[in-house]
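Take a look at the letters that make up each chain.
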Amino acid sequence: MLTPSEIEEIKHEVERAGRGLNASVEALKIVQRQRRWVPDEELEEVSKLLGVTTHELDAVATFYSFIFRRPVGKNLILVCDGPACWMLNGHMLAETIKAELGIGLGETTKDGEFTFLPISCIGLCDKAPAMMINDDVYGGLTPEKVREALKKYR
Amino acid sequence: MSAKDPQAYPLTAGMEMNGKAVGLQKYEALGGYEGAKKALLQMGPAQVMQEVKDSNLRGRGGAGFPTGQKWSFVPMGENAPNTRYLVVNADEMEPGAFKDKFLLEGNPHQLIEGMVISSYAIGASVSYVFLRWAYKEAAKRIEQAISEAHSKGYLGKNIFGSGFDHEVRLHTSAGRYICGEETALLTALEGKRGIPRAKPPFPQICGLWGKPTVVNNVETMANVPHIIRNGAKWFKEISRSSDGGTKIYGASGRVNRPGAWELPMGTPLRELLEIHAGGMKDGYKLKGIMPGGASTEFMLEEHLDTPMDFDSVPKAGSRLGTGTLMVMDHKTCPVGLVLNIMEFFARESCGWCTPCREGLPWLTGILRKVEHGDGNPEDLEILNEHIPLLGMGRTFCALAPGAIEPLQSALKYYKQDFEAHIEKKTCPYK
Amino acid sequence: MAIIFIDGKPYQAKDGVSLLDACLSLGFDVPYFCWHPALHSVGACRQCAVKVFKDEKDAKGKIVMSCMTPVADGMRLSIDDPEAIKFRASVIEWLMLNHPHDCPVCDEGGECHLQDMTLLAGHVYRRTTLKKRTHTNQDLGPFVNHEMNRCIQCYRCVRFYKDYAGGKDLDVFGCHDHVYFGRSRDGALESEFSGNLVEVCPTGVFTDKTFKKHYTRKWDLQAAPSVCVHCSLGCNTLPGERYGTLRRIRNRYNQSVNGYFLCDRGRYGYEFVNSKIRIRTASVKTNGAAPADEAAPELAISEIRKKLNGTHEGGIIGIGSPRASLESNYALRELVGAENFYHGVSDTVFNMMGEIVRIIKDGPVAAASLEDAREADAVLVLGEDVSNTAPMLALALRQASRNAPMVNLAKFKIPHWDDAAARNAIQNEKSPFFVASFTGTRLDGLSSEKPYRAAPDDVARLGFLIAHELAPESPGVPDASAEEKSLARRIAVALRNSKKPLIVCGTGPQSIHILRAAANAAWALKRAVPDARIAFSLPGCNSMGLALMDFPSGRPVSEALKRVQAGGAKAVIVIENELDESIGKEGAEEIMSLPCSVAIDFIATRTSQLAGVALPAASFAESQGTFVNNEARAQRFYMVMQPQNKNIHGVWRWIMEIKAALGTEKQCPEIDALTAELAKRMPQFAPIADRAYFPPPGFRIAGMKIPRQPHRYSGRTAMHTNIGMVEPKPPADTGSALSFSMEGFYDASKKQKIPSALLTHYWAPFWNSVQALNKFQSGTGGPLLGGESGKRLMEPSGSAPAYFTDIPEKQKKAPGPSGANNKGFFAVPLYHVFGSERLSMESQAVAGLCPEEGQPFIAASPRTLSALGLNKSDTMELEIGGAVFDFKTVADEEMAEGLAGVFVPKNANIAADLAGLYSKLPAWARFLVKTERKQ
Ligand SMILES: Cc1cc2nc3c(=O)[nH]c(=O)nc-3n(C[C@H](O)[C@H](O)[C@H](O)COP(=O)(O)O)c2cc1C
Ligand code: SF4
Ligand code: FES
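Which chain is which? The protein sequence lines are A, B and C, in order.
The opening residue of the first sequence carries number 1 in my numbering; numbering runs sequentially from there.
The opening residue of the second sequence carries number 1 in my numbering; numbering runs sequentially from there.
The opening residue of the third sequence carries number 1 in my numbering; numbering runs sequentially from there.
No lab work stands behind these hints, which were simulated from the structure alone.
Being a predicted model, the structure only gives us computed values, none of them experimental.
Ideal Cβ positions, reconstructed from N, Cα and C, are used throughout, including at glycine.
Derived coverage of chain B by chain A (criterion: at least 3 residues anywhere in the stretch with Cβ under 8 Å from a Cβ of chain A; other residues may be distant): (1) 132–139; (2) 167–178; (3) 183–192; (4) 246–260; (5) 315–329.
Here are the computed lysine to any residue pairs in the SDA-like style, where the Cα-Cα straight-line distance is at most 25 Å: (6) 29(A) with 140(B); (7) 11(A) with 428(C); (8) 315(B) with 304(B); (9) 213(C) with 720(C); (10) 11(A) with 168(C); (11) 192(B) with 43(A); (12) 199(B) with 80(B); (13) 199(B) with 409(C); (14) 212(C) with 245(C); (15) 751(C) with 29(C); (16) 729(C) with 696(C); (17) 192(B) with 428(C); (18) 127(A) with 304(B); (19) 424(B) with 129(C); (20) 412(B) with 312(B).
Isolated chain A (complex conformation) (with noise of 0.2 Å):
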């Protein structure tokens, strides 16, 4: 179920663009922010906020990469397989994730804590390879570095 400040704040975005899809993104993010994924009864109640039928909200929602119509675990790991970080052995960051956390990718860890996706370039080519982790970035990554912003989460 929304909480009334998440219903707010989408009726303020639907105030802002108008009813219909226009908001769609902006309220289907506002879901996530909190869940950090859309389930099936949150996207209906948008859908309801925002006047459309959910298979037209669900449309856009299952376009768009980081929108996540599936849970996500708390902490979203998210490995640059860009070309230029996988120049510098981008893609062997995934080893040092399993071998840490036993999980690869698209997969999240039993207890819920960490989902591990790939993101492609994220425009720190100058700091390959690199990563995100929710917000924060990291480049420049080793298997230590790695091991190091993995204990931050945890």
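Go by the hints and put chains B and C with the ligands onto chain A.
What follows is chains B and C with the ligands alone, placed relative to chain A:
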């Protein structure tokens, strides 16, 4: 890099290496918002447009379309629709590109000033920044800059008492490379699935919510205040080519000093690589350079003397694109790199048109086979065959044509590497 | 007209169309997927690539998508260019990367647009070794089967469903090569046009689920041109038969009527033809006991002869039917004599039909065809719930709602066929569109302002006000409120400022005032806008035919009852009718208790059960005849198949048999002769004698008949071996120019035109799917070659309007909740597309979608309910017209205050007294507190 001459390095003059943004005060001290004031108080919209035309500013989003000319397609005058929009393309999802991020984080007010002036020129009372999902820091800084500009009266009602009202809105996207394509961007901004639109009608005629809309890149916008402040003539003079102004160049890969720098437009590739990027790292030799992101063709050693501007790079068989070099060294497998790039494009295809939606995953599959040693000569034939099939005009938008540019040039320049994979049944770089 | 050069040769093409359209219209085989003649261009599939050249000297040329390129005079293009050919083959190769290679077991096989285009584009050899991606399928309800792996992502489904038909529960999900077309979750598709997905989808993703239950190969279907029997619009259909069962219905294109589409009631309502409630044998009731089984027809006829002995002259009355053909009604009328012929409809319907005929005939405004409706640019819907009573008219109005803003496209230089661009340019702008109704309708979303919700008389008053605003000499409404006046003014202004305004009304609300108000408005409008039209929705597929038969005289069934009560009749023959619907249970029983009562019908009805003799009639699929639709367009339907046994005959033939038995006529004419006779005898039907529209049985092309079976029809020598080893001779069809065979004339070259009225299937070399249609049209989306397949019978006389002057009084408010015996509503009839039409309710798929599980209900606003002390899920007893009925209560937010919508589904289990309820509506209803109601 401190105390750069704002006349020579207008975009980055005040920027510091500590990663902080140029604050409003400092920006004002450097002459910030004077361009806007001049435009709004002393010039008419047509005059602003003319100045930008005269400056020969070409779009920094990759295609280099003359900015002033683009604006001039917007219907103006009494019979024109009175709602118009300016949208700044800050999606920067091109792999290997990070120049817009550099400007957004480094000097958000510069962008906002550019947006005010440009909106004035086309008569837009609302403009949008369409920002990439991952640029969280930039988002914060833009939001802050918008609110600062508001409190100073640089945004809002009756700016500088000119009677011109303007609001800037930030839209943070939710991912998808295709949303950088200007028409897909508009569809996405409308809250729909980010599918491109056919052109014509061009956005300038029928864009956001069916209204006339100009889409410009962040760097393009950042240039506008300086053009207005210092004039078109100055802008042309600081360039080393016929395209006006400076350019944010950058480099990544195994070079000694990866990074981004503002340099006169037309700075030769060699200078970028050898001086600014500090040359190749020890033990690594240059094998190829993608000059402007993952959708540009490789350039080789022999192309190093190419002036990096919109007209010269094509003569060397590539495109200036974003101007941020991806440098490939001789120990990197070109097949593997092209595979990495193709995986990206296949995944980012919007799914609308057949050649891109189906063709790119097929090419990816073939490249994967070849890279892993399972390829055969027919696979190379299929790869080659796809180059014209995915060219401009064959697909609905320019994503797929961009996607095959690196493949096309790799097949040309690194043919032996492909063949070696097939002959040896493994990747020789492993 | 523009001259374009295709592979060096000059051709004439229409200006402003797309190159693809032009090429197809000229008969060229350019493959395509995302384009559709009614949905136009979006440029997604890239299949339609051709090469264009700048000028004569340009040898290199440029590949373009023909669907996205406008025709320009002097243009040079090549379809045969090797580069274009290679590209088109590649598009197929891409699409086939993931498409299953299992045509032999695919439901679409044989009429698959992808199969066709694959052959046409010349892709043969599979080169990829990659794994195919797979999807899960969804349960989309009873109509449409879903098999997502077959998808080639042409986007036609969502473009039809969402953009064209306004559906909101089918969409595209995901991205890149994972895009998925379906619903967010499993569930029955909500749009009443969902079945068109079957024809719109170029592959086997969306297929006909009802057909799947008794599947047969597409080329094994025997078909004939037919007309839908499930509402008054007369949509053209192509029913298909195999082994004596009707297997499915497909759209039959008619530019003036349904175009490319059908509604789900029309597509899926056919199963009554195969159903258990068919009367397949004659039955004779002896001594009032249960009918004797399997009475031989001769026995039945002799029974009639016995009973009628001596009473023939003036003693027999005939009751005709709005769902029986013109020929059947005519035959009955001839048998009993015009003065003894009664229309099998209620007084209300009879009076409304008379008024409608008068409005069309005597007034200056033409009745709108569906094509007119699609082209309208301003709409006023007065009272009729079109989506439920005439669904395809609602679909047409949806298109009309886009027309006014389309005019602005010129400003942007956007051609009207550039669909995505047009939609973007138009955004949410709509044509002026006004809805006045009792409750919410599915057209409300198109409405320019909040729909006007009111009782029938108030809706009529609004109409009169609008008319008065448009023309002061049309009478005003003296006691109208300022609000009503200003609403009327806004509507009047919007209508007057349009070019093709359309007023829509119908018999649904059962209010003659609404019809008159609509007529006044249309007539008043006509003075300012010459192209103004009026559209009527009527109760039955041949209501208009029946009404025209006796216009301006004739009598409703109540007169028959009076006659019976007065002892003026000894025998009655009822055709295709459920009498209690028009005269009530008791009335029906009284009429049917005459010494001789005969019912001729194809389904068992309460009436046929009351009858002394019930005769098995042929359904539309087993007979031939003429229906006259809502705009008075006479259309001919042909026998799709032989009746299942020799006892079953067309109603008209049974009547001829009776006539012969009574000794007045010895020779039974052919149906064709009957039609000709009727056209001659009744001037109002004279146009149907036009032999171009109505080719005689002797009509031949190159000495041949037109085959009902496609030339690939298989199994003919084997299909009857369970009966006998000798291949039976195909039955002869002496009534039409069609044959029950695969031999005959068929040519898709556009050179020798098959009369469009006789086209039984669309096929051309390379074109097995419905898209083959383009080979039979003069230009895509244009009229069929070979002449019209229907004839309008009535055009306005053009005289100045005699405005109606009796303005109803304002609807009285309900007495309110003061005292148990004083609680009332004003009860109005409600309709549902799945539930309000008897025949389609015999289709399980349709019946399953009837609201409230096929139970009758009363819908009222929550406020009205609570004022009466009711909850939304209560049941209640309601007294209407002296009878008391039990109803479930449904809260309806949209229902106008003080009104109660009555819904009675037309299924077989409905009690006879309830069945007649509609004939009494609208009326005051008294609500009785149910004694055993829980507190
Ligand atoms: C697939 C694709 C992705 C693109 N991504 C971006 C982008 O991220 N940022 C950008 O500025 N332009 C991008 N472009 C170019 C834009 O479509 C557009 O040309 C540009 O924003 C115009 O700005 P300019 O005139 O200032 O260069 C992309 C184009 C394509 C075809
Ligand atoms: S080329 Fe086609 S599928 Fe690819 S992104 Fe553009 S429109 Fe979408
Ligand atoms: S039919 Fe032209 S692109 Fe699909």
